[in-house]
Amino acid sequence: MSNEEKKIKMVKIYIMGKMYEVPEGLTIMKAMEYAGYKFIRGCGCRGGFCGACATVYRIGNDYKLYTGLACQTTVQEGMYLVQIPFVPAEKPKYDIEKLRPTASTVLSIFPEITRCVACNTCTKSCPQNLEVMDAIQSLIRGNLIKAAELSFDCIACGICSIRCPAEIVHYQVFQLVRRLYGKYLSKKAKHLEERINEILQGKYKEELEKLTKMSIEELKKLYESREIET
Amino acid sequence: MTYESTYSEEMRRSIEKVEETRDRRLKEAFPRISPEEKDKLLKEWHPDYRPEGKRPLKIGPSKGLIVPHEVADLIEAYPLIDPSNIDLSKIDYDVDILIIGGGGAGASAALWANNSGIPADRILIATKLRFGDANTKMAQGGIQAADRPNDSPILHFIDVMGGGHYANKPELVKTLVENAPFIIKWLEDLGVMFDKDEEGNMIELSGGGTCRKRLHACKDYTGLEIMRVLMDEVLNRGIRVVEFSPAVELLTEPDTGRVTGAVLWNLETKEYRIARGKAVILTTGGFGRLHIQNFPTTNHYGATMDGVVMAYRVGARLRDLDATQYHPTGAAYPEQIVGLLVTEKVRGLGAQLVNADGEQFIYPLEPRDVVAAAIIRECYGRNKGVITPTGMRGVWLDTPMIEMIHGEGTIKKSLAAIYRMFSRFGIDPTKEPVLVFPTLHYMNGGVEINVNAQVLNGRGEPILGFFAAGEVCGGVHGKNRLMGNSLLEVTVFGRIAGISAAKYVQNVEPGKLSLKHVNRYVEMLKEAKIPPTRKSPILLPEYRGEKVLSRAISLFAI
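Line order of the protein sequences matches chains A and S.
Here the numbering used here is used: the first residue of the first sequence is 81, the next is one more, and so on.
Here the numbering used here is used: the first residue of the second sequence is 36, the next is one more, and so on.
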């Protein structure tokens with residue numbers, strides 16, 4: 081049955097300027113596939129977690145430039161779209177073991193963050209709706225922890241970095257910030273160390289050995305009688 | 036701004052019932068299922084137990100193994116390349132360790148090979164799409180490790196075996212559970228931001244089928260956080276990564292069967308490249324994009340089972356591929372996100388599963404296969420599902436309960452990804468429940484390995500120079516994986532694969548390269564009278580519109 085027979089409403093979209101009619105209600109990603117595109121770039125997890133399908137678009141003659149993830153944005157009539165499948169930026173190398181967990185460490189590796197003019201374009205363009213500028217400004221004010229928290233949901237799609245007049249590569253900055261926080265500034269889990277010591281001392285060795293040789297019937301008994309923590 | 040629901044009228048009427056019963060249900064614990072009821076439920080309603088969905092393999096070291104048709108179709112298929120067209124005399128990448136697959140297992144293997152003394156420039160990660168494009172990144176809920184005082188590796192072991200229906204390879208389970216706390220420590224030291232309290236204690240939750248609170252999480256972006264830290268470290272060390280270059284066939288030494296490299300294919304320029312490694316580690320992931328039994332999937336675009344196909348051609352033994360994991364709670368509404376994952380952490384935080392009448396029908400934290408079967412029964416056996424405007428059925432996952440149990444703001448804080456996913460389409464999970472139905476999630480089985488991550492042949496002996504880790508492998512999870520054990524598997528066995536391969540390459544010279552095993556495989560296919568219509572690996576799924584495909588033609592030979 082064709083779409084006309086099923087009475088699916090079609091919308092006109094413009095993929096890099098070229099018009100295609102696609103069923104309404106599809107995501108940009110599925111609409112592009114419907115139109116005949118087979119993705120190599122510009123498509124990753126298809127679930128909003130990987131940042132591969134960053135897309136910019138305008139609608140009709142609205143002057144505004146919108147951003148979104150192709151896998152998480154529904155097509156609209158008159159959408160003019162293009163994907164940004166790659167952001168050119170070489171990742172600086174550092175040895176996390178040798179760094180001090182301070183904002184000045186981050187500034188020394190990414191000095192361009194001081195060029196931030198607080199225009200807020202990054203925040204406005206973020207498809208995850210993160211407070212990107214606040215995170216950068218927190219760093220400039222020396223607050224590494226706040227920058228780590230504000231940037232946690234970043235999926236590194238890179239749209240902010242393409243839009244930034246100060247040419248900051250935000251997602252790389254935030255990656256370093258979060259690692260410094262996770263490694264140095266959050267307290268270590270003591271119960272974890274204790275368990276590791278127990279394992280190293282061989283506390284579970286014998287019993288685990290025994291379990292690997294146990295019959296299914298015996299294991300079943302253990303499984304079905306185990307106490308469940310609620 | 037007041038909140039306006041985007042649910043249909045019929046769905047909203049059902050939500051009213053969910054709201055009416057909510058206060059009562061908050062105090063109500065649905066009884067756990069008995070072993071007998073569990074067996075009956077699975078046999079009657081779990082998709083794995085439908086014999087018409089599967090068939091025995093006709094050829095190869097695991098001939099006779101029952102697998103889904105979609106898997107058999109790719110195993111019983113001809114190679115993409117004609118070996119006689121491939122020039123193996125020019126080696127483009129010559130390394131000590133070749134890692135095929137750039138997800139969590141591949142990155143862990145690379146780091147531990149490097150930690151074991153292999154220089155960064157002697158390691159190569161070849162990956163089909165971008166580095167880090169993998170199911171690892173999409174894992175939301177958490178990673179298991181028995182590290183709280185009331186827990187132990189013993190209990191973790193018992194949970195894994197019971198959840199896997201005792202079909203697991205016990206020594207792999209032992210390796211998994213006793214390495215788990217070390218892996219969490221390693222990740223913590225690399226700088227992964229785990230959810231912790233003010234004292235630094237890990238905040239841990241229950242998962243389906245776990246008898247203790249053992250799920251370590253990074254909000255509901257656990258896999259993303261782990262993957263990006265591993266990637267950052269791999270790049271910092273200068274380990275070589277070649278992207279958009281999937282392996283399309285492994286290379287072997289004719290006399291010994293040792294795996295010595297791979298034919299890579301540049302997806303963009305269409306040229307092939309020869310990679311030689313003294314050892315090869317396979318970390319290519321699973322098969323969600325094969326849409327077993329037409330289910331939607333939570334999986335990454337590249338999850339097309341390429342690794343299993345290639346490994347089988349060099350003689351690897353397969354196991355447990357008859358068991359497919361359907362995650363109980365895939366989004367069932369709205370249409371744009373059907374099949375996407377709604378993490379088990381939602382149930383870990385107290386949200387119940389309820390039917391169209393607002394009543395519970397299963398204890399929400401049974402193992403995944405049990406919950407999935409119960410949801411299918413509720414929708415198709417008892418007709419108590421909610422029907423969406425496009426005709427899809429589902430049950431409610433009562434998310435507003437989380438806010439009532441843990442306080443307002445919990446969803447935005449602990450389930451940021453889920454909140455974001457639904458609110459993008461006009462649904463606020465803090466105020467209204469979300470509709471769910473099982474979705475294809477995980478390849479429980481795969482190539483068989485031993486505790487050193489060596490791939491085994493049909494006789495159960497290690498194939499020389501060949502290692503594997505992660506979802507491409509079978510045996511760790513038996514017939515059903517528990518939540519939080521896949522992130523654990525990729526890191527535990529990725530690490531072991533890296534260490535084992537590093538040890539192996541110390542005493543060997545680079546091997547000879549040949550595709551003779553491919554010729555032999557083709558002979559087997561012909562002998563079994565398998566028609567040359569199917570080719571594999573498929574590398575990417577086909578989603579182009581039918582209308583376009585019906586008129587697509589190829590005008591040039593290349």
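Hints were generated in silico from the structure; no laboratory data involved.
Idealized CB from N, CA, C, for every residue including glycine.
There may be inaccurate statements among the hints.
As the list claims (entries may be wrong) - Keeping only pairs whose Cα atoms sit at most 30 Å apart, straight-line, the calculated BS3-like set for lysine-lysine is:
1) 300/A - 248/S
2) 78/S - 231/S
3) 78/S - 301/A
4) 300/A - 178/A
5) 270/A - 448/S
6) 125/S - 547/S
7) 204/A - 447/S
8) 263/A - 290/A
9) 270/A - 78/S
10) 226/A - 447/S
11) 448/S - 268/A
12) 220/S - 270/A
13) 171/A - 561/S
14) 301/A - 561/S
15) 547/S - 561/S
16) 220/S - 285/A
17) 125/S - 570/S
18) 263/A - 220/S
19) 220/S - 173/A
20) 538/S - 173/A
21) 570/S - 268/A
22) 98/S - 447/S
23) 290/A - 270/A
As the list claims (entries may be wrong) - Computed footprint of chain S on chain A; a stretch qualifies when at least three of its residues, placed anywhere within it, have a C-beta under 8 Å from a C-beta of chain S:
24) 92-101
25) 133-147
26) 184-193
27) 228-234
28) 271-283
As the list claims (entries may be wrong) - Which bits of chain S does chain A cover? Going by a derived footprint, with three or more residues having C-beta under 8 Å, they are:
29) 234-245
30) 257-270
31) 274-286
32) 380-389
33) 413-419
- Query: Can you name, in rising order, the numbers of the hints this structure does not satisfy?
  - Reply: Hints 2, 4, 8, 9, 13, 14, 21, 22, 24, 25, 26, 31, 32, 33 are the ones this structure does not satisfy, whereas the remaining hints hold.
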